[in-house]
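S.K.: What follows is the residue order along each chain.
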Amino acid sequence: MSVLVYTESEEGKFKKVAFEVASYAKAVADQMGTTVTAITINADDISELGTYGVDKVLKVKDSKLDAFNAKTYANIIKQAAEKEGTKVVVVSSSADSKYLAPLLAVGLDAGYASNVVDAPTSASPFTVKRTAFTNKAFIFSTIDTDVKIVGVSKNAFGLKENSSSATAEDFSPSIPENGVHVDSVDKATNTVTIADAEIVVSAGRGLKGPENWGMIEDLAKVLGAATACSKPVSDLGWRPHGEHVGQTGKPVAANLYIAIGISGAIQHLAGINASKVKVVINTDPEAPFFKAADYGIVGDAFEVVPKLTEKLKEFKAQNA
Amino acid sequence: MKILVCISHVPDTTSKINFTDGDTKLDTNGVQFVINPNDEFGLTRAMWFKEKQGATVDVVNVGGPETEPTLRKALAIGADTAIRVNTPATDGFAVAKQLAHVVKDGGYDLIIAGRESIDYNGSMVPGMLAELIGANFVTNCISLEVDGTNAKAMREIDGGKETVSTTLPLVIGGQKGLVEESDLRIPNMRGIMQARQKPLNVLEPVDATKETSTVKFEKPEPRGAVKMISPDNLDELVSLLHNEAKVI
Numbered sequence: 001m002s003v004l005v006y007t008e009s010e011e012g013k014f015k016k017v018a019f020e021v022a023s024y025a026k027a028v029a030d031q032m033g034t035t036v037t038a039i040t041i042n043a044d045d046i047s048e049l050g051t052y053g054v055d056k057v058l059k060v061k062d063s064k065l066d067a068f069n070a071k072t073y074a075n076i077i078k079q080a081a082e083k084e085g086t087k088v089v090v091v092s093s094s095a096d097s098k099y100l101a102p103l104l105a106v107g108l109d110a111g112y113a114s115n116v117v118d119a120p121t122s123a124s125p126f127t128v129k130r131t132a133f134t135n136k137a138f139i140f141s142t143i144d145t146d147v148k149i150v151g152v153s154k155n156a157f158g159l160k161e162n163s164s165s166a167t168a169e170d171f172s173p174s175i176p177e178n179g180v181h182v183d184s185v186d187k188a189t190n191t192v193t194i195a196d197a198e199i200v201v202s203a204g205r206g207l208k209g210p211e212n213w214g215m216i217e218d219l220a221k222v223l224g225a226a227t228a229c230s231k232p233v234s235d236l237g238w239r240p241h242g243e244h245v246g247q248t249g250k251p252v253a254a255n256l257y258i259a260i261g262i263s264g265a266i267q268h269l270a271g272i273n274a275s276k277v278k279v280v281i282n283t284d285p286e287a288p289f290f291k292a293a294d295y296g297i298v299g300d301a302f303e304v305v306p307k308l309t310e311k312l313k314e315f316k317a318q319n320a
Numbered sequence: 001m002k003i004l005v006c007i008s009h010v011p012d013t014t015s016k017i018n019f020t021d022g023d024t025k026l027d028t029n030g031v032q033f034v035i036n037p038n039d040e041f042g043l044t045r046a047m048w049f050k051e052k053q054g055a056t057v058d059v060v061n062v063g064g065p066e067t068e069p070t071l072r073k074a075l076a077i078g079a080d081t082a083i084r085v086n087t088p089a090t091d092g093f094a095v096a097k098q099l100a101h102v103v104k105d106g107g108y109d110l111i112i113a114g115r116e117s118i119d120y121n122g123s124m125v126p127g128m129l130a131e132l133i134g135a136n137f138v139t140n141c142i143s144l145e146v147d148g149t150n151a152k153a154m155r156e157i158d159g160g161k162e163t164v165s166t167t168l169p170l171v172i173g174g175q176k177g178l179v180e181e182s183d184l185r186i187p188n189m190r191g192i193m194q195a196r197q198k199p200l201n202v203l204e205p206v207d208a209t210k211e212t213s214t215v216k217f218e219k220p221e222p223r224g225a226v227k228m229i230s231p232d233n234l235d236e237l238v239s240l241l242h243n244e245a246k247v248i
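Chain order of the listed sequences is A and B. Going letter by letter, the first sequence gives residues 1 to 320 in this note's numbering. Going letter by letter, the second sequence gives residues 1 to 248 in this note's numbering.
Please note that the accuracy of each hint is not assured.
As the list claims (entries may be wrong) - The calculated lysine-lysine pairs, modelled on DSS-like cross-linking and capped at a C-alpha distance of 30 angstroms, are:
id	chain 1	residue 1	chain 2	residue 2
1	B	Lys152	A	Lys160
2	A	Lys316	B	Lys246
3	A	Lys276	A	Lys13
4	A	Lys313	A	Lys208
5	A	Lys187	A	Lys16
6	A	Lys291	B	Lys246
7	B	Lys219	A	Lys276
Calculated from the structure, these hints are not laboratory results.
The shape of chain A in the complex, shown without the other chains (with noise of 0.2 angstroms):
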């Protein structure tokens, strides 16, 4: 009967949005007088996971799941949830656990709700609070089904601490043979990606070119933030089409959104705005961005953006 959530890591290191769903579970199981178990994929340590109200962890431990596969992830997840007579599972909205979850829903009869940002507004009928429009509006959604899956939003519900003590169980699922195989796998090592970034430092045209992202990159370093564009940046080429973020682009749920030189077409806000804090820096002061920004500054970026990574490097030598 507890509610199982899916706690991923990555190389044996628990990703931050596990303890975020984990604290989601725990939300959930009290509502529900239940407990919290955890499934995990060949994670290392699983103690961080009591920090934030896991009761007991499934550990699954076979070298041939190092690569992430949704079926085979969706099937390991619906054998856990059987063994627990699970009737709620609580996954993240990672591009990995947005793929499973589709898969999992059918699998185990459940309906579905993604993009879920707080906790169930009643237990029973089992009642979520999601976006929708991208962002525009939230829909309170009932799951009508015995078994029921919660995809949350991330940086919604946030991090909370419910000390318990985990204690650990090995789970030897079988492993099922599966049509998509993965060939190789393309990934930018010690940077910060958009998906996992707490701050997000973004840059549009009003760069003027390539050759001056050098400025973005030092003011990313001096807040450890990740490094995104605008659509028209990436269609000409000057950063990678993976930093594009924006509605065709990827979407950003950041603590701290900093916008240079963009100037905020509505495709691009969509993509953004389940950020909580945007910082608009635009020579232009009709700009619409300045509409969506928590902070505004109208200043040249080539003045700006320099003077400001000296004063957060002078508040950091301060803070340290």
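The hints should help you fit chain B onto chain A, whose structure is shown.
M.R.: Coordinates of chain B only, in the frame set by chain A:
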């Protein structure tokens, strides 16, 4: 190769979103509907297969008669036949169930959908459809090549991309990258005239129980006004980000 492209009929991004009937329904007054952008990339890639490798391309939508102009637009872009399953799109599962029936009946090899629709953003239908029909599934797909029954695809992952090989039947959750934005086609007059003659078949729905229900909609709180800061006073920005916004 028989290709089916799933077309969502969605409000244009620039539309103002409002609700009626006690916040239980989308107010479609003054809303312009378009082909879901992620589906449009897939449709264009399907046209490429048709022209370069030989394929038939059908398009499908689950919805009422109001979605037909969107299907006609897909025909004008070059699809051969349109199918409308005559039932409102209630939730992802119910839609996937209807599509599964269309796929089985039509014997499609490749089904291209968008990674998500820009209205409900659920990212559910393509995966559920693949699982219901027992097909392979690749989402966030940014390139796709098909050779016989083998397919090679690239998909965007957090922080990079990966290349996968798989076989037909295959369901794709497509996005920008399948083709570039500059390759998207605007229907020309000839296409629009031809589209009027092309078949648009209306199918009655099969039994499909929805698994989730909409209780009501809510608009976000209006946001506070932007705080403007002088470019000569960046200390203030740093201090606000630290003390007020608490993000650094």
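S.K.: So, for every hint listed, does it hold in this structure?
M.R.: Cross-check of the supplied hints:
no.	hint	result
1	Lys152/B <-> Lys160/A	42 angstroms, violated
2	Lys316/A <-> Lys246/B	14 angstroms, holds
3	Lys276/A <-> Lys13/A	26 angstroms, holds
4	Lys313/A <-> Lys208/A	25 angstroms, holds
5	Lys187/A <-> Lys16/A	18 angstroms, holds
6	Lys291/A <-> Lys246/B	21 angstroms, holds
7	Lys219/B <-> Lys276/A	17 angstroms, holds
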